[in-house]
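If you read the sequences in order, they're chains X and G. For the first sequence, the UniProt record's numbering gives the first residue as 1, with consecutive numbering after it. For the second sequence, the UniProt record's numbering gives the first residue as 1, with consecutive numbering after it.
None of these hints come from the bench; they were simulated from the model. Heads up, the beta-carbon is just placed ideally off N, CA and C, and yes, glycines get one too. Treat the hints with caution; some may be incorrect.
[Said to hold, decoys possible] To be clear about the criterion: a stretch of chain X counts as covered by chain G if any three or more of its residues have a C-beta under 8 Å from a C-beta of chain G, and this derived list gives those stretches: (1) 34-42; (2) 47-56.
[Claimed, not checked] To list a few chain G residues with every Cβ distance to chain X over 10 Å, as calculated: (3) L35; (4) K82; (5) L92; (6) C105; (7) R110; (8) P201.
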Amino acid sequence: MKAAVNQKLTEMGERDRLKELLRAKLTECGWKDQMKAHCKEVIKQKGLEHVTVEDLVVEITPKGRALVPDSVKKELLHRIRAFLAQHTK
Amino acid sequence: MKMEDMPLSGPDNTKLESLVHDIYSELVEDACLGLCFEVHRAVKQGYFFLDETDQESMKEFEIVDQPGVDIFGQVYNQWKNKECECPNCKRLIAASRFAPHLEKCLGMGRNSSRIANRRLASNNNMSKSESDQEDNDDLNDNDWSYGAEKKAKKRKSDKNQNSPRRSKSMKHKNGELGTIVTSEPYKYNFNTGISYETLGPDEVRSLLTTQCGVISEHTKKMCTRPTLPDADPVVENDGFDIPDGQTLMSRLQWEDSSDISPTDSASSKASTNPSDSRRPKKKKRPSLGLNSGGGGGGGGGSSSLTGGSSSSQSNISLSTKKKRPKLSAPSIPSIYDDLN
């Protein structure tokens, strides 16, 4: 069922719309700037030349997940639920 | 989130919820990954730290947060209390008042010429009534620029005499009278000090049967309001603005001719509106139950009557704010009787 739902999500373009919505909201609320500042610290720590993508991912993702504001999270969950309610029967 | 919207319930509900949360997590991770790639690329390309320089420069341009000072550290009203010396009158003027003071002092601003013209006009009138030539000369000596500007103003108002706007509004209102009024006043009314003695009886008769003919005490100009059939009581108009003599005259002519009858007051008021917007200082005409030309035409060149009668029409042409004595209507038709 999950695969089917995911497929539907992608096919109907809803996934992309949700992605864009999330990005916009995160930038708006300052999450992106916060994360960038954190990135700077990590890079200064590790040294500019030797930073890898993996380093960043490992450092950033958990913090990023935690720092998403509640309002953004609620809005997104609501939209996903609405989509599911509409398109699964 | 209303529960009745959920198509599934019970254990399926939790499944759905976990599904929703899974999808949400995926989206958030996508966003984070996107950011990571962006930052990594910036680091590797070398533009990630571009907005940061060495410590000294950073300190120099730091945002300032003190009272009385903007974020750059500049004081905003630094020059408010300084005083400047005027090159013309050699006085010390406050900085914020310096420009307006210069405008008046050098006589080059928009308002200063207007005020000077007014002053000149009133001084001229007063000196003329006293027939004192010296004052005029003194005036001319002091303010050579004002005289030049006054001439320029006179030419300008001359030019507007027969503009399409004027004749169009007059024709619209009056029919034939409008055209007559436009042509005749141009002959007579720009001479100050017109006197009826110099004109022959026929001319005077023709003039006074078509127009009001009252000579203003102050501007010495003849009123060109067309005559009305019946004599209505004069309406006093208090609180005039002090206008310019020449421009007033031009306005007076095409405005007056629009007052054929009191019932026209509404439409004539509308027609005067364009000029109102052009010359904001002029007073709007009140309900135009004004004395008719027959009644209001003081004619005959008697200055005592002109003072009163001109008030009825030339609300605008008055150059002073003094109240005018009410005109006694009965006496005036008698002058016309003599002529006719």
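Hint numbers contradicted by this structure: Result: hint 3 breaks, nothing else.
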